[in-house]
Amino acid sequence: MAMISADNRGLRLATRYAVLVLIALIFVFPLVFMVMSSLKPSQQLLEDSANLRAFLPVGDISFDNYTDAFRRAPVATFVFNSVLVTGVTVLLSLLICSAAGFAFVFVDWKGRNLLLAVLLATLILPFETIAIPMLLMVAHLPWIGMEGLTWGWLNSYRVQIIPFIADGLTVFLFVQYFKDLPGELIEAARVEGASWGQIYRRIVMPLSGPILATAAILKFLVMYNQYLWPLMVTQEEGYRPVMVGLQYFFQLNVAWGEVMAYLSLITVPVLAFYLYLQKAFIASIASTGVKG
Amino acid sequence: MARISLKDVRKSYGTAHVIKGVDIDIEDGEFCVFVGPSGCGKSTLLRMIAGLEDITSGTLEIGDRTVNDLPPAQRGVAMVFQSYAIFPHMTVRENVAFGLTIAGASKAEKDAKVAEAARILQMEHLLDRRPSQLSGGQRQRVAIGRAIVRKPQVFLFDEPLSNLDAALRMDMRMEIGKLHNQLGATMIYVTHDQVEAMTLADKIVVLKDGQVMQVGAPMDLYHNPANLFVAGFLGAPSMNFLKVTVQGIDGGRALVSNGALDPVEVATAGRSFRAGETALLGLRPQYLTVSEGPGQLHGQVALTERLGAETVVEITLKDASPLIAALAHDAVFPLGAMVNLNFDPARAHLFPME
Chain A
9 MAMISADNRG
19 LRLATRYAVL
29 VLIALIFVFP
39 LVFMVMSSLK
49 PSQQLLEDSA
59 NLRAFLPVGD
69 ISFDNYTDAF
79 RRAPVATFVF
89 NSVLVTGVTV
99 LLSLLICSAA
109 GFAFVFVDWK
119 GRNLLLAVLL
129 ATLILPFETI
139 AIPMLLMVAH
149 LPWIGMEGLT
159 WGWLNSYRVQ
169 IIPFIADGLT
179 VFLFVQYFKD
189 LPGELIEAAR
199 VEGASWGQIY
209 RRIVMPLSGP
219 ILATAAILKF
229 LVMYNQYLWP
239 LMVTQEEGYR
249 PVMVGLQYFF
259 QLNVAWGEVM
269 AYLSLITVPV
279 LAFYLYLQKA
289 FIASIASTGV
299 KG
Chain B
7 MARISLKDVR
17 KSYGTAHVIK
27 GVDIDIEDGE
37 FCVFVGPSGC
47 GKSTLLRMIA
57 GLEDITSGTL
67 EIGDRTVNDL
77 PPAQRGVAMV
87 FQSYAIFPHM
97 TVRENVAFGL
107 TIAGASKAEK
117 DAKVAEAARI
127 LQMEHLLDRR
137 PSQLSGGQRQ
147 RVAIGRAIVR
157 KPQVFLFDEP
167 LSNLDAALRM
177 DMRMEIGKLH
187 NQLGATMIYV
197 THDQVEAMTL
207 ADKIVVLKDG
217 QVMQVGAPMD
227 LYHNPANLFV
237 AGFLGAPSMN
247 FLKVTVQGID
257 GGRALVSNGA
267 LDPVEVATAG
277 RSFRAGETAL
287 LGLRPQYLTV
297 SEGPGQLHGQ
307 VALTERLGAE
317 TVVEITLKDA
327 SPLIAALAHD
337 AVFPLGAMVN
347 LNFDPARAHL
357 FPME
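Protein sequences appear in the order of chains A and B.
Heads up: the first sequence begins at 9 in my numbering, then just goes up one per residue.
Heads up: the second sequence begins at 7 in my numbering, then just goes up one per residue.
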C-alpha cells in the first residue's frame with residue numbers, strides 16, 4: 009500500500025511539474041524566438057520561422073542586426089528617454105500616491121470620502137477618452153525653465169511625466185494597504201510626538217515595502233509601454249521613447265532581424281527592473297516580521 | 007507630574023452618546039484605574055485624555071492647562087496600548103528611543119535614557135533585538151520602556167496585560183505597581199479585570215454605559231458600594247443578591263427576611279426603603295460561614311469546588327434562589343446536603359430593586 013501511495017505521489021508531482029514546465033515554455037518561447045531571430049539575417053529568419061530552428065542559435069549567427077538597428081534609429085536616445093521618463097514617473101508616483109493614500113486613511117479631514125470616491129471613479133475612464141482634451145490642455149500650459157516663461161509643454165520630458173504621476177489605481181493600492189496597517193502604531197507615534205510627516209516617513213513608509221514594490225512594477229509597465237501619448241505630444245526624436253521608436257523599423261523596407269534586435273534591446277531594462285524589485289519585494293516581506 | 011481633572015466630559019458619535027458627562031479628579035502621583043464591563047466607555051475616556059479622540063463637550067485639564075484642543079504630543083502623556091504597538095521595523099533600542107528621536111535629542115542623551123529605562127525594566131539584553139524576536143511579555147516591557155524614557159507627566163495604560171497569559175499577567179501587574187512607586191507619576195490604567203483594579207489602584211473609577219458609577223479607594227468601593235452595579239462588579243465570586251421583603255424600618259436600619267432567610271436587621275446606608283417593599287440583600291460569598299447551629303440562611307448544596315485553601319459552594323436556598331459561599335478552608339459537602347449559613351449583618355448591603 010505504502011509503495012502504491014508513494015508512486016501516486018511521485019506521479020502527481022511529475023504531472024504537476026510537467027504542466028508547470030509547459031506553461032513556462034509557452035511564456036518563454038516568444039522571448040527565445042525574439043533573441044534568436046535578432047542574431048540571424050532576415051532571409052534565414054523567415055526560413056527558420058516555420059520550424060524548430062527558430063528557437064535555436066543555428067546558421068549564420070552574428071550581431072549585425074544590432075549594429076544595423078543603431079544605424080537606422082537613435083536607439084540609445086529612445087532607451088534613455090524611456091528609462092528617464094519611466095524612472096522619474098515611478099519615483100514621483102510612489103511619493104505622491106503614497107502620501108495621498110496616507111492622507112485618505114490616517115488624517116481626518118472634511119470631504120475625504122467624497123474625494124476618494126471621485127478619484128476611484130476615474131479608474132473607469134479609458135485613457136483614450138481623455139487623450140485629446142489632455143493634449144489641448146498641455147499644449148497651452150505655462151512652464152518656467154532655463155529660458156524663462158514659456159507656453160506649451162509639447163516636445164519635452166515633463167509632458168510625458170507630470171500627467172502620469174498621480175493616478176487612481178496607485179492611490180487605491182496604497183489606501184487598501186494602509187487600511188490594514190495596525191492603527192495603534194500610528195496612534196503610538198502620535199502620542200510620542202511625531203508629526204504626520206514623521207509618521208509617514210518613519211513608520212508608514214518603512215512598513216510599506218511590499219506595496220511600494222507592487223505599485224512600482226505596475227507603474228513601470230504602464231510607463232515603459234506608453235505609445236499613444238508620447239506619439240501625440242512629441243514630434244522631436246530627442247524626446248521620443250522606445251515604443252514610438254519602433255515605428256522607425258517599419259518605414260520603407262521592414263528588416264525583421266533589426267526589429268528583433270531592437271525589441272531584445274528594449275526588453276533588457278524591463279527584465280532588469282523586474283528582477284531588482286522581485287528581490288526587494290521578498291526582502292521587504294522578510295524584514296517586516298510583523299507578528300502577534 | 008500632574009493632576010488631572012475631567013469636568014462634565016462628554017463624547018458623542020452622531021446621535022450615539024458614548025460618554026455621558028463624566029466628572030473625575032485624579033491627584034498628582036495617583037494610580038487611578040478605570041474599570042467596567044466591555045463597552046462601558048473606559049477606553050474611549052482614556053483615548054480622550056490621550057488626545058486620540060475629540061472631546062464633544064466638557065473640560066479636560068492636565069496640570070493647570072485645559073488640553074481639550076491640544077494634540078496628543080503636547081499633553082505630556084505617554085500611552086501603553088493593549089497590542090503593545092511597538093514598531094516592527096525598529097530594534098528595541100530604536101523603539102524605546104522613538105519619542106526622544108522625534109524630539110531631536112542627542113545620541114548621548116538617548117543612550118543614557120534608554121539605558122536607564124532598560125535597567126528599570128530589566129531588558130538590557132534585548133536592546134538590539136527586533137520585536138519579532140520578543141515574547142509577549144518582553145514586547146510589553148518595550149512598550150512601557152518607550153513610555154517612561156520621555157518622563158511624561160501622565161502615563162496611560164489601555165488594558166496592557168490582557169494579551170498575556172495568567173502567570174505573566176501577575177508578574178507584569180506587580181512590576182507596573184513597582185514602577186508606579188519608583189516613578190511616582192500619575193497613572194491611569196484601564197482594565198476590565200477587577201483583580202488588576204483592586205491591587206494596583208489608589209483610586210478606582212467604576213464605569214457603566216458611559217457614566218461614572220462610583221469613585222473611591224478599592225477597599226472603600228469593596229466595603230461600601232454605592233449601588234447594585236458596583237456591588238456586583240467588584241469581588242470574585244461576585245456578591246450574592248437575595249430578594250427580601252422589608253418588614254420594618256427603624257432609623258437607619260431595616261428588618262428584612264425571605265423564605266430562606268430568618269429576619270435580620272441590616273443598615274440602610276442612607277438609602278430609603280418602605281415597609282413591605284421588596285429589596286435586594288447583598289452578601290459577599292467570603293463573608294458567609296457554615297453554621298453548626300440553626301443559622302440565618304437555609305439551603306441545599308448544589309455544587310462544590312475545592313480549590314485547596316478555599317472552597318466555593320453553590321447552595322440552592324429554600325426559596326429556590328442560588329447562593330455562592332466562599333469558605334476560607336478546605337471542606338467536603340455531599341451533594342444535596344442541607345446547610346445552614348451565618349453572616350455578620352454589619353457586612354450585608356441592602357439595595358432597592360432597580
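A portion of the hints provided could be inaccurate.
To be verified - Reference excerpt, derived from the structure (chain B facing chain A, CB under 7 Å, subset only): (1) ALA56; (2) LEU58; (3) PRO78; (4) ALA79; (5) MET85; (6) ALA91; (7) PHE104; (8) GLY105; (9) ILE108; (10) SER112; (11) THR284; (12) TYR293.
Since the hints were made in silico from the structure, they are not lab data.
The model shown is predicted, which means the values in this text are computed figures rather than measured ones.
For glycine and all other residues, C-beta sits at the position ideal for the given N, C-alpha and C.
Determine which of the earlier numbered hints do not hold for this structure and return their numbers in increasing order.
10, 11 and 12
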